[in-house]
Structures are given as structure tokens and as C-alpha cells.
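**Student:** Sequence:
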Amino acid sequence: MNLEIITTPSGAELTSIKYNGKEYLHQGDKVLDKDGKVYWKRRAPILFPIVGSLKNNTTIIDGKKYNMSQHGFARDMKFDIVSISEREHTYVLKYNEETLKMYPYKFELYVTYLVDKNKLTVKYRIKNLDDKTMFFGLGGHPAFVIDLKNNKYRLEFEKVEENIRFYQLDNGLISYKNNYINSNLLSNNKYLDIKRDTFTHDAIIMSNLNSEKIRLIENENIRLELCFSSFKYLAIWAKKEAPFVCIEPWLTTADYVDSNQQFKEKKDNIKLDSLKEYECEYSVIFK
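Residue numbering for the sequence shown follows this note's numbering, starting at 24 and increasing by one per position.
Possibly wrong hints are sitting among the right ones.
Claimed, not checked - Quick list of the computed label-pair ranges, beta carbon to beta carbon:
no., residue 1, residue 2, range
1, Glu302, Asn80, 24 to 30 Å
2, Asp193, Val61, 25 to 31 Å
3, Lys213, Asp58, 42 to 48 Å
4, Val61, Asp296, 15 to 21 Å
5, Lys172, Asp281, 37 to 43 Å
6, Asp58, Ser33, 37 to 43 Å
7, Ser39, Ser253, 23 to 29 Å
8, Glu181, Lys45, 23 to 29 Å
9, Ile293, Leu208, 26 to 32 Å
10, Gln93, Asp296, 26 to 32 Å
11, Asp85, Leu298, 38 to 44 Å
12, Asp193, Arg219, 18 to 24 Å
13, Leu55, Arg110, 30 to 36 Å
Stated by the list, open to error - Straight-line Cα separation of at most 27 Å, DSSO-like style, residue types lysine-lysine; simulated pairs:
no., residue 1, residue 2
14, Lys263, Lys53
15, Lys150, Lys60
16, Lys142, Lys78
17, Lys101, Lys150
18, Lys299, Lys88
19, Lys172, Lys255
20, Lys57, Lys218
21, Lys87, Lys142
22, Lys87, Lys290
23, Lys262, Lys57
24, Lys41, Lys218
25, Lys146, Lys117
26, Lys155, Lys41
27, Lys172, Lys64
28, Lys117, Lys140
29, Lys146, Lys290
30, Lys88, Lys101
31, Lys101, Lys64
32, Lys78, Lys218
33, Lys117, Lys45
34, Lys155, Lys64
35, Lys263, Lys294
36, Lys263, Lys60
37, Lys263, Lys172
38, Lys129, Lys88
39, Lys60, Lys41
Calculated directly from the structure, the hints in this document are not laboratory data. Using N, Cα and C, we set each Cβ at its ideal position, and we do this for glycine too.
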């Protein structure tokens, strides 16, 4: 098998993706900058039950306030192992006393990593075990290795993109002032160059995409292709001068600056009826 993965019950996170022996996934707290500081401790966290930040890190559900930090709690919780084999890893996070203090819904979140030749598929399945409708957000956040010191990188969209809507963050929240269609970020309406200053204003968040796939190109060679057809948003992010780039398929985004903090009214939140299930997936083909 040319493609090998390692995962951990901690956040059900991918910790290694090797294709033909080469590591493609950022190695978290093992990677230090010139001052010996960690660029970013994570590798491929799962964003649930929110993506991005809540206004004042607070939301209101059924008249009660709940506190939740950026990207939700799933990434910091221990999942149970459902099954582990050479080609398939499946984990589940079940609601418990700790989750109910932050998010008052009874749920199960299943995450499956499926390897098939040079393709990795990441599948999410959410079960609503409650007797009421639940609401949630969900996103992926894989960080792929790049080397800006010695190589040139760009992202190539599957199709020409003339009407992408870009969103910028204001202290972690979506700002109306900075929302715009197209920009000088793209060349030929198809390519996004990755430079040292590309993420000066935090993540680049996009919707209204024609494409369902995006390629990471290194020195004109395709390194990987990510398919995000199940997701409305695509975000691109990295720490300044960091040796990785995150390509993030999202169902939802952060709160808007004028959010009323009512979770049921949060833009794009997925609504899941009692005892129903929701599924989505993204995949990466490595070259």
C-alpha cells in the first residue's frame, strides 16, 4: 500500500499521512520556528459543533447561554475507537456530561478515514439521539506540508472562478465590510499563489464556488487534489511563514459581527431532526 495513515483517539485526529514514504501532513508540535517556538500544535483537527468563533465565545440555546471556544470542543476530546484496520479507521464521540455543559444536545459524531490506493476519504456521520431538533456546524482542517523557502506553491481550482465570494475576519468574526466578489488574490480566475504574506489577514474564506476540487501545486507539479463537493465553504490558512497550508472544507463559518448569538439562527447551521442522521465527506488524492 502506497498510502499510509496514523490516527489518534485524541480528537480522532490524523497524525500522519505518508504517500510512497513521504510525509504530507504537518507534524504539529514537532515543527518549530527559528526561535524554537511551535508554529501550530495541531495537524488535522475536526471542527464540531461550530466552525470558527462565536461572538464573545457564547451562544444561546433554548434561552440558556453556553460557552464554546473557537472551532468547538470535538478536537480536544477523546473519541472511542470503533474499528481500526490497515485501510479504515473509525472513531465516535458520544455526548456526555462534559459536552452537555457546552452543547445541550444528545449526539454521536462518527469519523471514518478510508484509504484506497492513493486516495484518502474522510467521512463524517452525525446522529441526533435527542428528542428535539439539533443544530450544528462542521468542518475539516488538514494541514499539508509545504516548503516556502525552497519552492513555489499555488492552488489551482478545478474550474474558472468568476464569482467567488470572499469573506474576511474581524477579530475572528465575519465582517460585512470585507466581503467581496473576486479579488486580486486569484490570477486568471483560477490560481491562488501561496506566499509568505498570503494570510496576513487570517484565513481566506470562500463560497459560491464553481469548483468541487482544488489542487496544491509545487513547482508546477501536482502534490495533491482535494474534493470538497459536500461543503459550502472552503478556507485556506497558515501561520505566517509556516511550513504548511491548511485546505479546509466547511459546512458553516464563524458568527457574523452582528450575530444575535441565537444558535438556532446561526447562518448556515445544519438542522437535524430527532433520531435522524447527517453525512458528508471530503477526499484527498495524493500525487
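**Student:** Does each hint hold? Answer for all of them.
**Tutor:** Now the hints, each set against the structure:
no., hint, in the structure
1, Glu302 with Asn80: 24 to 30 Å, "29 Å, holds"
2, Asp193 with Val61: 25 to 31 Å, "26 Å, holds"
3, Lys213 with Asp58: 42 to 48 Å, "37 Å, violated"
4, Val61 with Asp296: 15 to 21 Å, "42 Å, violated"
5, Lys172 with Asp281: 37 to 43 Å, "41 Å, holds"
6, Asp58 with Ser33: 37 to 43 Å, "27 Å, violated"
7, Ser39 with Ser253: 23 to 29 Å, "24 Å, holds"
8, Glu181 with Lys45: 23 to 29 Å, "24 Å, holds"
9, Ile293 with Leu208: 26 to 32 Å, "28 Å, holds"
10, Gln93 with Asp296: 26 to 32 Å, "28 Å, holds"
11, Asp85 with Leu298: 38 to 44 Å, "19 Å, violated"
12, Asp193 with Arg219: 18 to 24 Å, "23 Å, holds"
13, Leu55 with Arg110: 30 to 36 Å, "33 Å, holds"
14, Lys263 with Lys53, "17 Å, holds"
15, Lys150 with Lys60, "39 Å, violated"
16, Lys142 with Lys78, "37 Å, violated"
17, Lys101 with Lys150, "18 Å, holds"
18, Lys299 with Lys88, "25 Å, holds"
19, Lys172 with Lys255, "33 Å, violated"
20, Lys57 with Lys218, "18 Å, holds"
21, Lys87 with Lys142, "43 Å, violated"
22, Lys87 with Lys290, "19 Å, holds"
23, Lys262 with Lys57, "14 Å, holds"
24, Lys41 with Lys218, "25 Å, holds"
25, Lys146 with Lys117, "17 Å, holds"
26, Lys155 with Lys41, "42 Å, violated"
27, Lys172 with Lys64, "21 Å, holds"
28, Lys117 with Lys140, "31 Å, violated"
29, Lys146 with Lys290, "23 Å, holds"
30, Lys88 with Lys101, "25 Å, holds"
31, Lys101 with Lys64, "17 Å, holds"
32, Lys78 with Lys218, "30 Å, violated"
33, Lys117 with Lys45, "34 Å, violated"
34, Lys155 with Lys64, "36 Å, violated"
35, Lys263 with Lys294, "36 Å, violated"
36, Lys263 with Lys60, "13 Å, holds"
37, Lys263 with Lys172, "13 Å, holds"
38, Lys129 with Lys88, "17 Å, holds"
39, Lys60 with Lys41, "25 Å, holds"
In this structure, the hints that do not hold are numbers 3, 4, 6, 11, 15, 16, 19, 21, 26, 28, 32, 33, 34 and 35, in rising order.
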